[in-house]
Amino acid sequence: MFINRERIENAMRSLTKMIVVDDDKDILTIIQYCLEGMSEISIKYCQTAQEAIQEALVFLPDLMLVDVMMPGMDGIAMVEAMRLMPSLANIPVVFVTAKIQKEEIDSYFKLGVADVITKPFDPIGLPETIQKIWLKINRTKEELKDVK
Amino acid sequence: MLNKLIEEYRSSFKEKYALLESHIQDLQKEFDENKLQDLKRNVHKIAGSAGSYGFSALSKTCKEFENLLLQDLEAVKEKKTFVLNFEKYREFMVQIKSGMDLN
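For the protein sequence lines, the chains are A and B, in the order given.
Numbering-wise, our numbering comes out as the position in the first sequence, counting from 1, plus 2.
Numbering-wise, our numbering comes out as the position in the second sequence, counting from 1, plus 29.
Don't take each hint at face value.
30 Å max Cα-Cα, derived DSSO-like pairs, lysine-lysine [what the hints assert, rightly or not]: (1) B/Lys92 with A/Lys134; (2) B/Lys109 with A/Lys27; (3) B/Lys92 with A/Lys104; (4) A/Lys27 with B/Lys64; (5) A/Lys134 with B/Lys33; (6) B/Lys92 with A/Lys27; (7) A/Lys27 with B/Lys43; (8) B/Lys92 with B/Lys106; (9) A/Lys19 with B/Lys33; (10) B/Lys106 with A/Lys104; (11) B/Lys58 with B/Lys33; (12) A/Lys104 with B/Lys33; (13) B/Lys69 with A/Lys112; (14) A/Lys46 with B/Lys92; (15) B/Lys33 with B/Lys109; (16) B/Lys69 with B/Lys43; (17) B/Lys69 with A/Lys104; (18) B/Lys109 with A/Lys104; (19) B/Lys126 with A/Lys46; (20) B/Lys126 with A/Lys112; (21) A/Lys27 with B/Lys126; (22) B/Lys64 with B/Lys89.
Computed footprint of chain A on chain B, listed as stretches where at least three residues anywhere in the stretch have a Cβ under 8 Å from a Cβ of chain A [unchecked claim]: (23) 60 to 74; (24) 79 to 86.
Residues of chain A clear of chain B, computed beta-carbon distances all greater than 12 Å [said to hold, decoys possible]: (25) Glu11; (26) Thr18; (27) Lys19; (28) Ser44; (29) Asp64; (30) Ser89; (31) Lys101; (32) Gln133; (33) Thr142; (34) Glu144; (35) Glu145; (36) Asp148.
Bear in mind the hints are in silico, worked out from the structure with no lab data behind them.
Glycine included, each C-beta is placed from N, C-alpha and C at the ideal position.
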């Protein structure tokens, strides 16, 4: 398959800000360790959906990694709330979750999430997974532009 | 660095195990749906985190335990039973303990 390296590099340069939200500190710790190498991306870590929304309103991330099962507002309610906020409505969300029954995955995509990362995940491979997802999001955006 | 994180996870695991144990003991004393939810949530957390720290067997055990708890919760909600599978819970706790060498 032909890969347009310049296009990929440009796409990756457009990922500069990210928010990760998970109520499990152990998960945040390992994600933080895994993403340390992605120094070109500024990343905020939050432990609740409410905190992540407040942070997102100021930080305006390019991408959000969101746990589904959190006490209080869960990932699904968080995405529903974001979709009602003009400045957050179009931010791509990736669910990071162990809840991966087929009907659950279907409902996530119906909700409009960009992708799903399954827990447990391979910590070493996480940056590459995020890159692939970001490229997929960009490809979709460009295809939509072409249609318009 | 990753090894250090794994060791920290391993050493903090006693607290996670003790939390599960206290939820089960509380439930044995008195049934409380919220306590059962807490137990399920904490087992779910370990299922998600343990595998990411390399403890795959432990993660799998917790996933199975979580499924059992989910079934029990549904049975309780549908008022089919208020009798929980404590014997099975104990079996899972033994597996969790040995999965992290807490013996």
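How the hints compare with the structure:
1. B/Lys92 with A/Lys134: OK: lysine 92 of chain B and lysine 134 of chain A at ~27 Å, within 30 Å.
2. B/Lys109 with A/Lys27: violated, 36 Å
3. B/Lys92 with A/Lys104: Given that 30 Å is the threshold and the Cα spacing comes to 16 Å, the pair holds.
4. A/Lys27 with B/Lys64: holds, 21 Å
5. A/Lys134 with B/Lys33: Holds - the C-alpha atoms of lysine 33 of chain B and lysine 134 of chain A are around 28 Å apart, at most 30 Å.
6. B/Lys92 with A/Lys27: holds, 19 Å
7. A/Lys27 with B/Lys43: holds, 16 Å
8. B/Lys92 with B/Lys106: holds, 21 Å
9. A/Lys19 with B/Lys33: holds, 27 Å
10. B/Lys106 with A/Lys104: Distance of about 23 Å is within 30 Å: holds.
11. B/Lys58 with B/Lys33: violated, 39 Å
12. A/Lys104 with B/Lys33: violated, 35 Å
13. B/Lys69 with A/Lys112: Holds: lysine 69 of chain B and lysine 112 of chain A sit about 26 Å apart, inside 30 Å.
14. A/Lys46 with B/Lys92: holds, 29 Å
15. B/Lys33 with B/Lys109: At roughly 46 Å apart (the allowed maximum being 30 Å), lysine 109 of chain B and lysine 33 of chain B break the hint.
16. B/Lys69 with B/Lys43: holds, 18 Å
17. B/Lys69 with A/Lys104: holds, 21 Å
18. B/Lys109 with A/Lys104: Between lysine 109 of chain B and lysine 104 of chain A the Cα gap is close to 26 Å, so the pair holds against 30 Å.
19. B/Lys126 with A/Lys46: Given pair lysine 126 of chain B, lysine 46 of chain A is violated - Cα atoms ~34 Å apart, limit 30 Å.
20. B/Lys126 with A/Lys112: violated, 39 Å
21. A/Lys27 with B/Lys126: holds, 21 Å
22. B/Lys64 with B/Lys89: It holds: about 22 Å lies between the C-alpha atoms, which stays within 30 Å.
23. 60 to 74: With 3 residues close enough to chain A, the hint holds.
24. 79 to 86: Satisfied; 5 residues make the cut.
25. Glu11: The assertion about glutamate 11 of chain A holds, with a minimum of 28 Å to chain B.
26. Thr18: holds, 25 Å
27. Lys19: holds, 24 Å
28. Ser44: The claim holds: serine 44 of chain A sits with its nearest Cβ about 21 Å from chain B, beyond 12 Å.
29. Asp64: holds, 24 Å
30. Ser89: The claim stands: serine 89 of chain A keeps its Cβ more than 12 Å from every Cβ of chain B (closest is about 30 Å).
31. Lys101: Lysine 101 of chain A not clear of chain B: closest Cβ-Cβ about 8 Å, inside 12 Å.
32. Gln133: holds, 19 Å
33. Thr142: holds, 27 Å
34. Glu144: Check passes; 32 Å lies beyond 12 Å.
35. Glu145: Check passes; 33 Å lies beyond 12 Å.
36. Asp148: Its Cβ never comes within 12 Å of chain B, the nearest being 38 Å, so this holds.
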